[in-house]
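Below, each chain spelled out in residue letters.
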Amino acid sequence: MLAINARGLKKYYGEVRAVDGVDLEVEEGEVFGILGPNGAGKTTTLEMLETLREPDEGEITILGYDTRENPREIKELIGVQLQTTAFFDELTVWETIDLFRSFYSRALPISTLVELAELTDKAGARVSTLSGGQHKRLSIALALVNDPRLIFLDEPTTGLDPQARRRIWDVVGLLREQGKTVVITTHYIEEAEELCERVAVMDHGRIIATGTPHRLISEHVPESTITFRMYPGMDVNMIKEIPGVVEANSENGFYRVITTSPHETLMAIVSIGRQEGLEVEEVNMRRASLEDVFLKLTGRTIRS
Amino acid sequence: MSRFFKVFLYNMKMTLRQREAVFWLILFPILLMTILGFIFRSTGEIRLRVGVVDLDGSGISRSVVEAFRGVEAIEVYEGSEEEERKALKEGDRNGLLIISPGFESAVSSGKAGEVTIIVNRSEVTIAQVTSSTLRGVLEKMGQMISGVPAAIAVREEEEKEVKDFEYIDFMVPGILAMVIMFGGISGYSLEIATYREKGILRRIKVSPVPISSFLVGGVASVLVFSLLQAVVLIAFGVLAFGMKLRGNYLHMAGFVLLGSLSFLALGFLIASLTRNSRSAGLAAQAIGQPMLFLSGIFFSVDWVPIPLKVIARCLPLFYLGEGLRGVMIQGSTLADLWVDLAVLAGVGAAAFAAAVKFFRWE
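Heads up: the sequence lines are chains E and H, in that order.
Its first residue numbered 1, the first sequence is counted upward by one per residue in the working numbering.
Its first residue numbered 1, the second sequence is counted upward by one per residue in the working numbering.
Rather than coming from a laboratory, the hints here were simulated on the basis of the structure.
Every value quoted in this text rests on a predicted model; they were computed, and no experiment measured them.
One thing to keep in mind: the hints can contain errors.
[Said to hold, decoys possible] Simulated crosslink set (DSSO-like; lysine-lysine; CA at most 27 angstroms straight-line):
1) E/122 / H/13
2) H/86 / H/309
3) H/198 / E/122
4) E/122 / H/6
For reference, chain E alone in the conformation it holds in the complex (with noise of 0.2 angstroms):
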């Protein structure tokens, strides 16, 4: 069954066109990403997929409910993490997660969650104490109370260090080995690429693609880059020659090299050096990324 199945969203703010004309399917057990800019419209898709807004246009079934008809039932089975994420600051973790269990008819244990969030030794201090990883990591055991089968993150990691994000990630990791359908939304390139099955990438209000991030990477931007140094220096133009290369320069020794077959290029390169008596060095290949592919798509970079 598809645990997500939404059709032709639309949610224009009078002129602005938040989310312009979205499709979207997830497979139940996927871990599904939705990459895109800051303003790309994917919390607004994202609110409307959790009956948080209705849509001006367009039909949304989650878990085989509709979100019009029943988004009671609905709200029972889906858990929510949202952007902004602020709770009761006189309650402690413990007592935060207590009172939102209270919220669904059925809930896991508390202690369950307190484990699964990494808080153990937080719970019982007081919400205005905690961390900003501790924080998202509380919003994410309250979007778990009700062990939802299917699960919002709005911008998990956003503002966090790299260390608070790779235990938010941890935590993905563990629902996704449950089985749990997960969607994301994230401007983190990495985040995307390490912790999702399926992206679609997203810009202007709309979904400009979609797939595993390998097939989007090799469908749209097949190239990888090598970058070397080599002294005391070659003809760019004998780079140029070696098949499979389609851009090559250099400066001051550095070159940079785009090519369609990676290997062979660096291959060739390294021959051509030793039959001219040069040393390659620092050399370093890079398969494109889901940033190259929506710089490719967009012509702008996710960040700018």
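Following the hints, position chain H against chain E.
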């Protein structure tokens, strides 16, 4: 039911854990009561400025004037009727005593000599003290002159019924009304505005719990808290200042709860109409403060000019104060206070309907 209990319980916890809130909700009213109680308990030691006009000019009338001069608590000013009335109007006298012509002949022929008292009503507590002091002195003198207390007939101009209660009796229900009003318009409603601002309301919206059932738990905790405040304030008033409590406790509780609900509804309306918690707080102050001074909460509006009386009667706090005084110190039943009950219920219902209409999640 367990949900209601959880929400209620955690709301109580949150309130009690906010030290500042506990100060404003419990300690501040007690402090205010103490200050006002002490200020006005010492009125007996103030020397009353009394103008005396002797229109009889006889031996007996002179002796009355001299007797007044001998009273420790009274400072006597003598002058013509015109001068003294003017001084009274300007607030330089607490009261005026006019001995009518023919005083001596009336007294000597066994009739009552006539004396007129005019009391400065601008300050209700002092007016009461002035009136009762003058009457007391005159009564004693009458007794001395003829052995009969009725020898001097006192006529009081601008006569208005002086109720037999002390300032503390008047003040405790007033402070309670103040506490209930602020608890309603700026307590929980600010919390709601904050929850909205922080996105907590939206987080609750994506859970299956209806927002109403979340709010009911919070309202219940406010109501319980206002009963608690009432108990503490009344106990303090009775024990520390000898306030005389007359009335049915259930009726008092009923009135406290109704007042609390009514002002909570006003608070919800404020929270619904304002943009954020900051402006909600400012709006609550802007509405609460003038109401506090214009509704006769600390001082009776019986003696203020007509326009102010009219304004007072347009404010819901007036009815809360009047009703609380009714059930607490005049021993009125809820049936006696149907006007106050009706106004509070009406205002509450209207505000609640409007608050629901304008409610926003974000």
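Right, here's what the structure says about each hint:
1. E/122 / H/13: holds (19 angstroms)
2. H/86 / H/309: holds (25 angstroms)
3. H/198 / E/122: holds (22 angstroms)
4. E/122 / H/6: With Cα atoms ~21 angstroms apart, residue 122 of chain E and residue 6 of chain H stay inside 27 angstroms; holds.
Checked against the numbered hints listed earlier, the structure breaks none of them; every hint is satisfied.
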